[in-house]
Amino acid sequence: SQQGEEDPQALSIQEGENATMNCSYKTSINNLQWYRQNSGRGLVHLILIRSNEREKHSGRLRVTLDTSKKSSSLLITASRAADTASYFCATAGDSSYKLIFGSGTRLLVRP
Amino acid sequence: ETGVTQSPTHLIKTRGQQVTLRCSSQSGHNTVSWYQQALGQGPQFIFQYYREEENGRGNFPPRFSGLQFPNYSSELNVNALELDDSALYLCASSSRGHEEKLFFGSGTQLSVL
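Quick note, the sequences are listed as chains X and D, same order. Just so we're aligned: the first sequence equals residues 1 to 111 in the numbering used here. Just so we're aligned: the second sequence equals residues 1 to 113 in the numbering used here.
Hints were generated in silico from the structure; no laboratory data involved. Accuracy of the hints is not assured; some may be wrong.
[What the hints assert, rightly or not] DSS-like, lysine-lysine: derived pairs with alpha carbons at most 30 Å apart:
1. X:Lys-98 with D:Lys-13
2. X:Lys-26 with X:Lys-69
3. X:Lys-70 with X:Lys-56
4. D:Lys-13 with X:Lys-26
5. X:Lys-70 with D:Lys-101
6. D:Lys-101 with X:Lys-69
7. X:Lys-26 with X:Lys-70
8. X:Lys-98 with X:Lys-69
9. X:Lys-26 with X:Lys-56
10. X:Lys-69 with X:Lys-56
11. X:Lys-98 with X:Lys-26
12. X:Lys-56 with D:Lys-101
13. X:Lys-98 with X:Lys-70
14. X:Lys-98 with X:Lys-56
15. X:Lys-98 with D:Lys-101
Just chain D, with the same shape it has in the complex (with noise of 0.2 Å):
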């Protein structure tokens, strides 16, 4: 058990809808990341937010948004659903200046219908 929770677990959506995932830090963790892992890859590098500013982005588009808050929970927002966009979410913490190694939630499993 890493400490890092998220919410839901499973989520079925259709397409042109929105979903927010949610995602609790483990305690003392100030730095969280998102990934998507489609099925059968490996994960792939969304955003991380530090002190609730976005501090570094990956190659996915504005429709992909988040927020972190001053506990450092986080929420990765998803506008616009497209069908490719059903893949499993993990967030990861991490503590300042140790920001190498990662702690990943159980992730939520999206399918876009």
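Excised from the complex, chain X in its bound form (with noise of 0.2 Å):
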């Protein structure tokens, strides 16, 4: 079963737009982290952000996270057509060994 859900399940903007994709999850974690799926195969992970921090940075990327609202949110800004992806929120408990990861969100970008 999956951890919890991602909001929007789509989106399209124009490239140049900020895109902004939502996680939601049930359980208490050590952290949580975003991969980008191209095409249906391998996934990248993209950002890590701990339980104990609030906001995280990469480049064009901005994670924020509210443990006390069980969720967290992607932004990208400055979109381009190549950040057409499925993006996955994945959260990692106590047992760090195991990540779960949410329904994805289906990223396009029009040119």
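The two chains are supplied separately, each in an independent frame; assemble them into the complex guided by the hints.
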């Protein structure tokens, strides 16, 4: 079963616009990660935020975490056509060996 | 490119057959995890191997089994295939103490007819 839900399920924006994806989860976590997947192939790690952090930046990515609401958001600024992919949040609990993934957001960036 | 390689890339089997999927870890990584991703869903954790021992298991039946070899490569075996086993199977490697960040292979697309 999935840990939580991602919202929206699909997002279509124009190149240059910002894209925001949200993730909700159910149980307490040690950290939350975001991954990207192109065309149903392997996932690529984007960014990790720990439970005691509230915001983190990496290049054009900004992630926030609200543990009181059990939610996170991923913001991609100045989007490019190459950002078109599916984006997944994944949570790790005390058993760090296991990641629980959300259902993903499909992002389409139109040139 | 993550350095994690999986074979084969595609596979077609019939119900009741057995299948073996293979994974080579990224250099320096001694932990391997396997995930199943059904169409339109996020990956689901099957199990993890460290030092050739199963280190944790998700909610999958015993007909899903695995091996890890001394060179840290790994196999996923599925017996008595069912139609619902059709999915993308992803292997991910990590190094002990840094399990948080996973490096995924491109996956094996398994179709069960």
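Do the hints match the structure? See the list:
1. About 28 Å separates the Cα atoms of Lys-98 of chain X and Lys-13 of chain D, which keeps this hinted pair within 30 Å; it holds.
2. About 10 Å separates the Cα atoms of Lys-26 of chain X and Lys-69 of chain X, which keeps this hinted pair within 30 Å; it holds.
3. Among the hinted pairs, Lys-70 of chain X with Lys-56 of chain X is consistent with the structure: their alpha-carbon atoms are about 16 Å apart, no more than 30 Å.
4. Note on Lys-13 of chain D and Lys-26 of chain X: the hinted pairing is violated, with a Cα-Cα distance of about 36 Å set against a maximum of 30 Å.
5. Restraint check for Lys-70 of chain X and Lys-101 of chain D: satisfied, since their Cα atoms lie roughly 21 Å apart, inside the 30 Å limit.
6. At roughly 24 Å between alpha-carbon atoms, Lys-101 of chain D and Lys-69 of chain X fall within 30 Å of each other, so this suggested pair holds.
7. For the hint linking Lys-26 of chain X to Lys-70 of chain X, the alpha-carbon distance of about 7 Å falls within 30 Å, and the restraint holds.
8. Between Lys-98 of chain X and Lys-69 of chain X, the direct Cα distance comes to roughly 22 Å. Compliance with the 30 Å bound is thereby established for this hinted pair.
9. Proximity of Lys-26 of chain X to Lys-56 of chain X is assessed by CA-CA distance (about 21 Å); at most 30 Å being required, the pair is judged to hold.
10. In summary, the hint linking Lys-69 of chain X to Lys-56 of chain X is supported, as the alpha carbons are separated by about 17 Å, within the 30 Å threshold.
11. Simply put, Lys-98 of chain X and Lys-26 of chain X have alpha-carbon atoms about 15 Å apart, close enough for the 30 Å limit, and the pair holds.
12. Restraint check for Lys-56 of chain X and Lys-101 of chain D: satisfied, since their Cα atoms lie roughly 16 Å apart, inside the 30 Å limit.
13. Restraint check for Lys-98 of chain X and Lys-70 of chain X: satisfied, since their Cα atoms lie roughly 18 Å apart, inside the 30 Å limit.
14. Between the alpha carbons of Lys-98 of chain X and Lys-56 of chain X the distance comes to roughly 22 Å, so the proposed pair stays at or under 30 Å and holds.
15. For the hint linking Lys-98 of chain X to Lys-101 of chain D, the alpha-carbon distance of about 11 Å falls within 30 Å, and the restraint holds.
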